[in-house]
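Which chain is which? The protein sequence lines are G and F, in order.
Here the numbering used here is used: the first residue of the first sequence is 1, the next is one more, and so on.
Here the numbering used here is used: the first residue of the second sequence is 206, the next is one more, and so on.
Don't take each hint at face value.
What the hints assert, rightly or not - Computed cross-link-like contacts, DSSO-like style, restricted to lysine-lysine with a CA-CA straight-line distance of at most 27 Å: (1) G:Lys167 <-> F:Lys275; (2) F:Lys551 <-> F:Lys583; (3) F:Lys267 <-> G:Lys167; (4) F:Lys855 <-> F:Lys827; (5) F:Lys240 <-> G:Lys167; (6) G:Lys167 <-> F:Lys583.
To be verified - Computed Cβ-Cβ distance ranges for the label pairs, DEER-style: (7) F:Arg297 <-> G:Ala156: 25 to 35 Å; (8) F:Ser340 <-> G:Leu164: 35 to 45 Å; (9) G:Leu164 <-> F:Lys291: 46 to 56 Å; (10) F:Ile503 <-> G:Val73: 52 to 62 Å.
Keep in mind the hints are simulated off the structure, nothing from the lab.
A virtual CB, placed ideally from N, CA and C, is assigned to each residue, including glycine.
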Amino acid sequence: MKQQGKDIGLCLCKMCRQLNSTELTHCQRCQAELHIRDYSSLQKSWALLITAAILLVPANIYPITILTNQGQVRHDTIFSGILHLVNSDMLPIAMIVFTASILVPWIKIIGLSIYLCAISFDIPISKKKLMVGFHAIEWIGRWSMLDLFVISITVALVNMGQLLDAKPAPAATAFALVILLTQLAAKVLDTRLLWDRLEPQDDTN
Amino acid sequence: MTQIESPKVVKKKLFSPIWLLPIVALALGAWLGIKSIKESGIEIQIHFPSATGIDVGKTLVKYQGLTVGKVKDIGIDEDLKGVNVKVMMDYRAKPFLNKETLFWLVTPKASITGVEGLDALFSGNYIAIQPGKGSDATFFEAERQPPPMLIGSEGVMVELSSDKLGSLDVGSPIFFRQIPVGSVASYRLDGNQRVLISVFIQEQYARLVKKNSHFWNVSGVKIDASLTGIQVNSESLASILAGGVSFSSDDAAPIAQNGDTFTLFDSETTALGGIEVNLTMADGSGVNKGTRIVYRGINIGSVLNKQLSHDGITAVAKFEPQYGSLLTNDGVFWLEGADISLSGIKNPERLLTGSVINFLPGIKAQTAMPTSFILQSKAPDLLQSKKRLLTLTSSENMGIAPSAEVRYKQIPIGKVLSVKLTKDLSAVEYQLELQPEFASLLRSDSYFVPESALTVNASLDGISVKTRDFTTFTQGAISLFQGHGDTPLTANSNLTLFSSVDAATDFYDRQQQTHVTLVSQDGADVSQGSPIYYKKMQIGLVESVNWQSKTEDFAIKLAIDKQFQSLLKKPNVFWRNSAMDISASLAGIDVAVAPLQGALKGSISLGLLDDSDKTSSAAHLKLYESKQLALAQAQAIRLTLPASSKLAAKAAIRYQGHQVGEVSQVKLNADLNTLTATAYLYGEYAEHFSRSDCEYHLVDAQISLAGIKAPATLITGPYIGVLPGKSNQKSTQFVANLTASSYANVVEDALKFTLEDKNLGSMKIGTPIFFRGIKVGQIDGYSLSTQGNSVLMQAHIEPQYKHLVNQSSQFWDASGIKVDVGLFSGAQIEAGSLETLLAGGINVATKDTTQANNRLAAGAILTLQHKAETEWQDWTPSQ
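Sequences are here, hints too, so could you generate the full structure?
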């Protein structure tokens, strides 16, 4: 059995990555509070993830942009926007937007929920696979902001009154919250918990 | 090393506060969901005749610009007579979706009044909704046309009645003081006579429409072109193209209600009411529809129309209501156009705008509103009653036009009213009016003279050119000359217009001239206007020269100026002036040249006679040929001479060597044997030489040993000698002899007698008669006796020696040298004077003293002795 840090009386400061004795309550370098394991992070992550999942509904149902083109007002949801791009023969962009706006948030939420389930309910999943998945989610999650980024730029630049105008719709807020909350959910989770729970089962690997 | 593990308390938290987050999100989501369900909208169906311009998912339903719905689907009607359009209405529109709610399709419509539904051009057609009452409904029939604007509290809807729509259309603007306050909502026929136009006035302007408002059409452009510029009036661009309606508003009147009906007038003028008056005139030119009525330069009305009436032209004019109070019975209208004259153009803008009708209100208080006026042709003159009217007459029009100025010292004092022929067409009559203040200038002898625009005065002093102003050129002007009298002129007097000041002066001078008629044998080379001089000063003119057939002479009528009339009271004579008078004599040559004017026209001179006792009647005077004749008051005689006589005109008639007359004309008579000489006898001598027994004879030069007789005649030519007569009978016809009678040159009281001899011997005319060697007489002529046996010699003794000769006198020939040669007595030479030696002579001796009884009678014949007795020479009677 592999020896863990807590087993040898060492605790990592999550702030400055200083190894401290488990007996210390505060990091001897940065004076941050030391936790050998942060069990509350699991709850936080769950809460954030569930919130994000709830918000994902309005983000997809409600229009994300209001585009006024020659007096014609067009409400686009994320999906209708992608369809519009597809119809406009802009498939690559449609794919990028689809990936960033629909695929990534869903993957993140699903992935995180699997991750959290694995920790909470001791689901026997290969530790290695989980970690790879976790890193992938963390990395890709930030790209989901692409859509919001595009919207914010468009809103700032395209403002010609009745002729051509783009405005963010309520879904944009929801979508932004989804991205934010998933990111936070990934961030607050103390990944060391995974190791505690999965270590014994992982011996077989 | 041992470490003491400090106790570690782990507090197990059941729930983190973070769980609030999903709850909030959930609540939020739920709220949103509920809300969206709640606001999901109401689906209705609208039946349209066609789906043209309606797009699924695009076409919106709008109410007052607010989107309240969207077309969801279009389906064809079951009976294929239209389409059913499914519309998702906003949930808030639910209260409007009632039975009477109207839907219609709004499409972009570009018309003259404007682009309607411009938003539809960009946003696409949309379906408009007008909420109505009734129960809820979900199926509607779309309107074909937009409904008229809603009658509601937003504004006021009134109806205008007109006989034609004109250029009005739905949407044509309604103006109040050029501010658009509404628009034409709709129009429809009312019967087949009237058009009812529904007009919507916006809420904020609704109070402007009063019960008594007038509406008028302001369609098109009102162009007011005048010299001040061109003013284009229009309510708005839309009203130019699509018409418009304007209206008036009276503050006091009550506000109009919805549905009130008004009449739509053609123009503001007709709309605003005003007072209509009839203007009657004889000639309608210059008065047209729209001709303005002006009072002190302000438009107070205009002519609406003009038409022929039974008594001329009647124009209907409309006064603007606010000026109605100016209309009184004694108001005056007159037509006034542009007045072009060289002094300038008055009201030049009227060249373009046409004449205007001027109005002058009366002074009487307003009585009943008059309806008919007479349009005067010219402005009334307020001073008319005070102006002085005058009538001038002239033989012809001297370029004076009506309205020509009347001037006094070049100051305008009046003007010419009219120029016309007199009733009998014999003269031109001018009507003048003078300003009242100048009336006092008029005198009974005032006269008028036309102003010459250009006066060129060329004389030896130079040329002076005088011009007047331009109005004188065009209209002419007349000047008043006051006259000298102090009798004021009575009204409407008749004065004369003279062609010039000179003519006037002439006229008045002529009135004071004295007329003298002269009688002349010929026309005397004068004509009308020939001057009459007195001492080279013109004193008058020849007025006429008339042939008098009765007396076969000419009557020359002279007019003598007033100041010279006193000359006529004195004894005077007239003679004609020759252009040039050359009198050449041995005494010299005298050249007299008449004044140039007289030389050209012929002239007459007046001379005064010294004899104050001789009074001449001015009535019938004689015109003398020359000054000499005149001053001598010559009398004409006619002499008949033998043709051989070399008499010429101007030959003198002499008595005893003194001129008593002269020949004026010599003419060979038709029988070629005689000459007729017209001659004049000087007045003072005429008495003597016009007696019937006067003797006239031709005197020519005679050269003889005795000398040259009448040597002057060698140069001057022969003259006529005359012997006075004694007869009481007057005659003017005489026969002149070639030789003078013997006693032609003998004084009258000389002793005349005749000597008789056998032979004339050396006797000649002029042979002297000596008494004691002194010449006391001479032989005057000789002739043969009637029997031819002797020679009769007429002789005379000078009066002072008359008493030396009587019947006892003896005459003997003393001519030559008497040489008495005797043998013893010697030679005795007896001779008289040298003259007697040469020319011969006669001696006379008288024996007795002259007594009464032995006087020698005149014409006695005595014998001329050849030889003197010795004793005769001794006679020495004491005398």
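Here is what the structure says about each hint:
For the proposed pair Lys167 (chain G) and Lys275 (chain F), the alpha carbon gap of about 20 Å is at most 27 Å, so the pair holds. Only pairs whose Cα atoms come within 27 Å are accepted, and Lys551 (chain F) paired with Lys583 (chain F) is accepted, the gap being roughly 14 Å. For the hint linking Lys267 (chain F) to Lys167 (chain G), the alpha-carbon distance of about 22 Å falls within 27 Å, and the restraint holds. A distance of roughly 20 Å separates the Cα atoms of Lys855 (chain F) and Lys827 (chain F); the hinted pair therefore holds under the 27 Å criterion.
A C-alpha spacing of about 21 Å is found between Lys240 (chain F) and Lys167 (chain G), which places the hinted pair at or below 27 Å, so the restraint holds. Our distance criterion of 27 Å between C-alpha atoms is broken by Lys167 (chain G) and Lys583 (chain F), whose separation comes to about 80 Å. For the hinted restraint 25 to 35 Å between Arg297 (chain F) and Ala156 (chain G), the CB-CB distance of approximately 32 Å keeps it satisfied. One distance hint, 35 to 45 Å for the beta-carbon pair Ser340 (chain F) and Leu164 (chain G), holds here, with the actual separation near 43 Å.
The supplied range of 46 to 56 Å is broken by Leu164 (chain G) and Lys291 (chain F), whose beta-carbon atoms lie about 29 Å from each other. One distance hint, 52 to 62 Å for the beta-carbon pair Ile503 (chain F) and Val73 (chain G), holds here, with the actual separation near 60 Å.
Checked against the numbered hints above, the structure violates hints 6, 9; every other hint is satisfied.
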